[in-house]
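So you can see what is in the structure, the chains are spelled out below.
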Amino acid sequence: GAGVSQSPSNKVTEKGKDVELRCDPISGHTALYWYRQSLGQGLEFLIYFQGNSAPDKSGLPSDRFSAERTGGSVSTLTIQRTQQEDSAVYLCASSLPGRGYTFGSGTRLTVV
Amino acid sequence: GENVEQHPSTLSVQEGDSAVIKCTYSDSASNYFPWYKQELGKGPQLIIDIRSNVGEKKDQRIAVTLNKTAKHFSLHITETQPEDSAVYFCAASKNSGYSTLTFGKGTMLLVSP
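Protein chains in written order, with the working numbering: chain A, 26 to 137; chain B, 5 to 117.
One chain only, chain A, in its complex shape:
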């Protein structure tokens, strides 16, 4: 597609439930990133995929968070046993190596 697509755009879930967030990057972009944006805060790095290399998971806040990227394209971020502090906007971005990111519009996650 023309841009980075994220789904769902909004997700309300009950505390303790698992959620999956999806990202469709720009076709041909080898790099894919997940960031988290809490209210009034900057963008917190979560995980980075580059081609066939092992992902950089150094930003994942706990073992409840995981992500995968299938076929070098679509990525899914999974949060298990959601907590209220997980409430945030989850942003996905893709890029060509060494180039600026193109962000999606994000998934707003609310844990009640």
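Calculated from the structure, these hints are not laboratory results.
Check the hints yourself; a few may be wrong.
Calculated cross-link-like contacts (lysine to aspartate or glutamate; reagent style EDC-like; alpha-carbon spacing at most 16 Å) [stated by the list, open to error]:
1) B:Lys109 to A:Asp81
2) B:Lys41 to B:Asp53
3) B:Lys98 to A:Glu110
4) B:Lys98 to B:Asp53
5) A:Lys40 to A:Glu93
6) B:Lys72 to B:Glu9
Since the structure of chain A is already known, use the hints to place chain B on it.
Structure of chain B alone, referenced to chain A:
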């Protein structure tokens, strides 16, 4: 790791005035510095970037300056318009973008007509 500080957190200007947002970074190995604009309900959009081999870059009403010695870089917007109102983020990375970006906390710019 890298730490990026951004100031001010909010900035209000009159239409037609200039706006300046400043960022400092901690890792002297950082060499790629993009700026993003985020409008309400949207993801951040790249508006300009600079690499450490240049000191200034302009694109119409937007310019970015970089001082490697002092480890700071700034965004300058001239002749501001109401549609410039948004949150602006600075960021830094090493390897000219082949690694993850570290972002500042953002500046909310409000341009009043």
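So, going through the hints one by one against the coordinates:
1. B:Lys109 to A:Asp81: violated, 22 Å
2. B:Lys41 to B:Asp53: holds, 12 Å
3. B:Lys98 to A:Glu110: violated, 30 Å
4. B:Lys98 to B:Asp53: Since the Cα atoms of Lys98 (chain B) and Asp53 (chain B) sit roughly 13 Å apart, the hinted pair holds (cutoff 16 Å).
5. A:Lys40 to A:Glu93: violated, 23 Å
6. B:Lys72 to B:Glu9: holds, 15 Å
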